[in-house]
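Residues per chain are reported as follows:
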Amino acid sequence: MEIFDGLLLGFQVAGTPTNLFFALLGCALGTLVGVMPGLGVTGTISMCLPLVMGMNPTTAIIMFAGILSGAKFGGAVTAILMNLPGEASSCLTCLDGNALAKQGHAGKALGIAAYSSFIGGTMSTIGMVLLGPFLAAVALSFGPAEYFAMCVAGLTLASSLGSNSVAKSFLSTVLGFTLAMVGPDIIGGASRLNFGTMELLAGIEFAAVAVGLFAISEVLLTIEEEVKISLISLPKGIRHLLPSMEDVRRCIPIWIRASTLGFVVGVLPATGASICAFMSYALEKNLAKRPELFGKGAVEGVAASETADNAAIGANIAPTLTLGIPGSASTAVMMGALIMAGVRPGPMLLGEHPEVFWGVTASCFLANIMLLIINIPLIPLVVKLLKIPYYLLYILILAVSAVGVYSINGNVFDLWVMAVAGVVGYAFKKLNYPLAPVVLACVLGPIVERSLRQTMVLSRGSWGIFFERPIALILLAIAVIGLFWPYLIRLWGKSEKGQVAET
Amino acid sequence: MTIRKVVLMCVMVVAVAIPFTALGSPADDYPSKSLEFVSQTAGASMDNLGRLIISIIQQEKLLSQPIAVNNKGGGGGAVQMAYILSKKGSPYHFFGTSTNLLLGTPMIEKLPYSSRDFVPIVNLSLDGSLLYVRADSPFRTVKDLIAEAKKKPKTLRMATSTVTSGESMTGKALQRSQGVEWNIAYFNGDPEVATNVLGGHVEFAIGNPNFVFDHIRAGKIRALMAVAPKRYTQGPLKDVPTIGELGLGEPLVARRAFLGPPEMPDYAVNKLVAVFKKVSEHPTWLKFLDDNMQQSAWMDAQALGAWISSEAPKHRQRLVDVGLIK
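For the record, the sequence lines run as chains A and B.
For what it's worth, our numbering labels the leading residue of the first sequence as 1, then goes sequentially.
For what it's worth, our numbering labels the leading residue of the second sequence as 1, then goes sequentially.
Source of the hints: derived by calculation from the structure; they are not laboratory data.
Glycine is no exception: its CB is placed at the ideal position from the N, C-alpha and C atoms.
Some hints could be false.
Stated by the list, open to error - Reference excerpt, derived from the structure (chain B facing chain A, CB under 8 angstroms, subset only):
| # | residue |
| --- | --- |
| 1 | Val119 |
| 2 | Ala185 |
| 3 | Phe187 |
| 4 | Ala306 |
As the list claims (entries may be wrong) - Quick partial rundown of chain B residues pointing at chain A, CB under 10 angstroms, derived from the structure:
| # | residue |
| --- | --- |
| 5 | Met9 |
| 6 | Ala82 |
| 7 | Arg217 |
| 8 | Gly219 |
| 9 | Lys220 |
| 10 | Ser296 |
| 11 | Ala297 |
| 12 | Met299 |
To be verified - When the alpha-carbon atoms are kept at most 20 angstroms apart in a straight line, the in silico EDC-like pairs for lysine to aspartate or glutamate are as follows:
| # | chain 1 | residue 1 | chain 2 | residue 2 |
| --- | --- | --- | --- | --- |
| 13 | B | Lys110 | B | Asp321 |
| 14 | B | Lys87 | A | Glu205 |
| 15 | B | Lys220 | A | Glu352 |
| 16 | B | Lys278 | B | Asp300 |
| 17 | A | Lys430 | A | Glu224 |
| 18 | B | Lys88 | B | Asp266 |
From just these sequences and the hints, can you work out the full model?
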C-alpha cells in the first residue's frame with residue numbers, strides 16, 4: 001500500500017544517525033526555547049536558518065519539527081511552575097497547571113502535560129499520514145466566511161472559559177478585543193486607538209499582555225498574602241511526583257477528543273494552535289461531570305489544552321508541505337528554508353521529493369517519543385524548583401518574564417505594558433473576572449474583523465452568504481448555542497451543571 | 001617626589017587610559033553588536049528574501065556580527081515602518097520592504113511620516129505579479145475576464161494582497177482603464193490569496209508568482225497575464241503574455257528595497273551597501289532570483305534615494321488615479 005511504502009521510506013530517512021541526532025537536538029532546543037517566554041519558536045527557527053543552509057533539507061525540517069514539539073512542552077513547564085505563559089495556548093495550562101502546582105501536585109500536572117503532548121502529537125501525525133491529501137482539500141474550502149464563523153464560535157466559548165458569571169467572561173472578552181484593536185488595521189493600514197503616540201502605532205505586544213496578566217499578577221497576589229517560605233510542601237516519594245493511574249484513566253477520553261479537535265482545527269492555515277487549545281478546554285469543561293473544578297486544579301484541563309496544542313502542530317505541517325501554504329508563522333519559516341534548499345513544498349512535493357514528506361512525518365513520530373523519554377525523568381528534578389523559598393522564586397519569575405518580554409522587540413514600552421497588565425490581572429483576580437477570555441479575544445479579534453470584511457466583499461454585500469455556505473452556517477449555529485448554553489442547561493433543570501450563584 | 005612615586009603615577013595614568021583607547025569611534029568597529037533586520041509577515045515573499053540575504057551574509061562572513069530577524073508584518077508595512085521610526089539614529093536596524101508599500105502606505109493612511117523619512121540603503125531586485133485563475137475557470141485570457149466584467153459589473157471577485165501593494169493597485173488600475181468594476185478582497189499576504197483562488201472563493205487573483213508556481217506546474221492554476229517589464233522565463237510561465245504585450249497598461253512592479261531608520265549614520269549605510277553589493281553578485285542569490293521569479297535591479301544608496309524622491313509624486317498621482325486617495 002502506498003502509505004506503508006511511504007512510511008517505510010520515511011523511517012529509513014528519519015532513522016539515519018544524522019537525522020536522529022538533529023531530531024534530538026531540535027527537541028532539546030525546543031524545550032529550552034519554550035521555557036523562556038518571548039523568544040518564540042518562530043524566532044528560533046529563523047535563527048537556525050543560516051545553520052540550515054547547505055544542510056540536507058529533510059534534516060533541517062526534522063530539526064524544526066523537533067523544535068516545534070519541544071517548545072510546547074517547555075511552555076507547559078513554566079506555565080505550571082511559575083504561571084508564566086510561553087505563548088497564547090499556554091495560558092490555559094497556567095490556569096489548572098499552576099493551581100495543581102500550588103496544591104503540591106506539580107509533578108502530576110507536568111506528567112499529564114508530557115503524556116498529553118505525546119499523544120496529541122502522535123495522533124495528529126497518524127492523521128497526517130492517513131488524511132494528508134484530504135486535509136489539503138478541507139483547508140482550501142475554508143474561506144473568509146468560515147474563518148469568521150469559526151472565530152465567532154470560538155469567542156462565544158469564552159463564556160465557558162472563566163468563572164461563574166457569563167457577564168464577567170464577556171467583559172473580559174471585550175477587553176481583549178479592545179486591546180487587539182490598538183494599532184494598524186490589517187486591511188487598510190490605518191492605525192487606531194493609538195492616542196497619537198508612536199509606541200502604540202504598531203499595536204500592543206500580545207506576549208507582554210499575556211505574561212503580565214498571568215505571571216506578574218500571580219506574583220503580586222502572592223506577595224500580598226505574605227508567603228515567606230516555600231510555596232508548597234512537596235509530598236514525599238516518587239509516586240506522588242507523577243500522575244496516578246486514576247488520572248490517566250480520567251484523561252483518556254479527553255485525549256481522544258482533544259487530538260481530533262486539535263487536528264481538525266489545526267489544519268486550517270492562519271488559525272494556529274492557540275484556538276485549538278481554547279476550544280478543547282471549553283469543550284471539556286462543558287462535558288465534564290464537575291466543571292467547577294476546571295481552573296482550580298483539574299488535570300483534565302491541562303490534558304485538554306496540551307493535547308490539542310500538540311495535535312495542531314502536525315496538522316499545521318501537513319498543508320505546508322502538500323499545499324505550499326504555510327499554516328502559521330513557524331511553518332512559514334520552515335517553508336522558506338525548504339525553498340532555499342531547492343525543495344518547493346506544494347502539490348509536486350509528494351511526487352518529486354517523497355523522502356521529504358515521509359521523512360518529516362516519520363520524524364514527527366520519533367520526536368514525540370524522544371520528548372516523552374527526555375521529559376518524564378526530568379519532571380522530578382524540575383519540580384524541585386518549587387522548593388525555592390518564594391521570596392527568591394518570585395525574583396526569578398520577574399526576571400525571566402522581563403527578559404522574555406523585552407527580547408521580543410527590544411522595546412522598554414513592552415515592559416510597561418507587562419507591568420500594567422500585571423496590575424490589571426491582579427485586579428481581575430481579586431474581583432473574580434476570568435483572564436483566559438482576554439487572551440482568547442486578543443488572538444481571535446483581528447481574525448474576526450478581517451474575515452468579516454473579506455466575507456462582505458466576497459458576498460458582494462449580502463449577509464445571506466452565511467446561510468449559503470454550510471460549514472459557516474453550522475459554525476454560527478454552534479456559536480449561538482454556545483452563547484445560550486449556560487441558560488439552556490439551567491432551563492433543562494440540570495442544576496448541578498448550571499451556574500453557581502455568585503457569593 | 002621620589003622616583004618610585006613618579007613611576008607609580010605614570011603607570012596609573014597609563015592603566016586608566018588603556019580602556020579608553022579601546023573605545024575608538026563607533027565607525028571603526030561597526031558593527032560591534034548584532035544587527036536587527038525588520039521583516040514583514042513571516043513566510044511572505046519579502047520575508048523569505050530577507051532571510052536568504054542574511055544567510056548569505058552570514059555564510060560568507062560579510063559582517064562580523066549576526067543579524068537577527070524581527071517579523072513585524074501587517075498594515076501594509078505600517079507596523080514595520082512605525083517600529084523602525086522608533087529606532088531613530090540606530091546603526092543597527094534596517095528593514096526591507098516593497099517600494100509600493102514604502103511610498104504608498106503613508107500617503108493612503110495619512111500617516112505622520114513618509115518614504116523620505118527613512119535612509120535608503122540599497123535596492124536589489126524587483127518582482128512583478130501574475131493574474132491567475134483556478135484551472136477550471138471559464139476564463140482563458142484577460143480579454144475574457146474583462147468582457148465578463150463588463151457584462152456583470154461588481155460581480156467578479158478578485159483576491160489580492162494588502163491594499164497598497166502593487167498587485168492590488170494593478171487590479172484597481174485595470175478597472176479604471178478598462179471601464180469595468182469588480183469586487184476586490186484584500187488578504188494578509190500572498191499565501192492567503194493563493195488559498196482563496198484554489199478554494200474557489202474568488203474568481204481570479206493578482207498575486208506573487210512564488211506561491212502558485214508549483215500549482216501552475218501541477219496544472220491546478222492558470223496564469224493569464226504577467227505584470228512585469230518582461231516575460232518570466234521559468235517553465236510554463238514562458239507562455240504567459242505581459243501586461244505591456246496585451247496593451248493593458250504599465251507594469252506596476254515592486255522593488256525590494258532596504259532602508260534604515262531616520263538619521264542612520266553614514267558609516268553604517270556605506271558598510272551595508274558594500275555588503276549588499278557582494279550579495280547581489282553571489283550565485284546563491286542569483287539562483288534565488290531565478291527560483292523565485294524575481295529580476296535583478298541594483299540601486300545603491302544614492303540611486304535609491306534619487307529614485308524614491310522622483311517616484312513619490314508619481315506614486316501619489318497613481319494613487320489619486322485609482323481612487324485610493326483624493
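Hint check results:
Here the hint on B:Val119 is broken, as its CB sits about 18 angstroms from the closest CB of chain A, past 8 angstroms. Because the closest C-beta pair between B:Ala185 and chain A is about 4 angstroms apart, less than 8 angstroms, the hint holds. A hinted interface residue such as B:Phe187 counts as satisfied when its beta carbon comes closer than 8 angstroms to some beta carbon of chain A; here the least separation is about 7 angstroms, so the hint holds. Because the smallest distance between the Cβ of B:Ala306 and any Cβ of chain A comes to about 26 angstroms, over 8 angstroms, the interface hint for this residue is violated.
Annotation: interface hint on B:Met9 violated; nearest CB of chain A at approximately 43 angstroms, more than 10 angstroms. At a threshold of 10 angstroms, the smallest CB-CB gap from B:Ala82 to chain A is about 4 angstroms, leaving the interface hint in force. The beta carbon of B:Arg217 is positioned within 10 angstroms of a beta carbon in chain A (closest approach about 6 angstroms), and the interface hint is therefore held. The criterion of a C-beta within 10 angstroms of any C-beta in chain A is met by B:Gly219, whose closest approach is roughly 9 angstroms, and the hint holds.
For B:Lys220, the suggested interface contact is upheld, since its CB lies about 6 angstroms from the closest CB of chain A, less than 10 angstroms. Look at B:Ser296: its Cβ only gets to about 18 angstroms from chain A, farther than 10 angstroms, so that hint breaks. Taking 10 angstroms as the C-beta contact cut-off toward chain A, the hint placing B:Ala297 at the interface is violated, the least distance being around 21 angstroms. Violation of the interface hint for B:Met299 is found here, the shortest Cβ-Cβ separation to chain A being roughly 24 angstroms, above the 10 angstroms cut-off.
Note on B:Lys110 and B:Asp321: the hinted pairing holds, with a Cα-Cα distance of about 17 angstroms set against a maximum of 20 angstroms. The hinted pair formed by B:Lys87 and A:Glu205 meets the criterion: a straight-line CA distance of about 17 angstroms does not exceed 20 angstroms. Annotation: proposed proximity of B:Lys220 to A:Glu352 holds, straight-line Cα distance about 16 angstroms (limit 20 angstroms). About 12 angstroms separates the Cα atoms of B:Lys278 and B:Asp300, which keeps this hinted pair within 20 angstroms; it holds.
Using a Cα cut-off of 20 angstroms, the hinted pair A:Lys430 and A:Glu224 holds, with the two alpha carbons roughly 11 angstroms apart. Straight-line distance between C-alpha atoms of B:Lys88 and B:Asp266 comes to about 13 angstroms, which keeps the hinted pair within the 20 angstroms bound.
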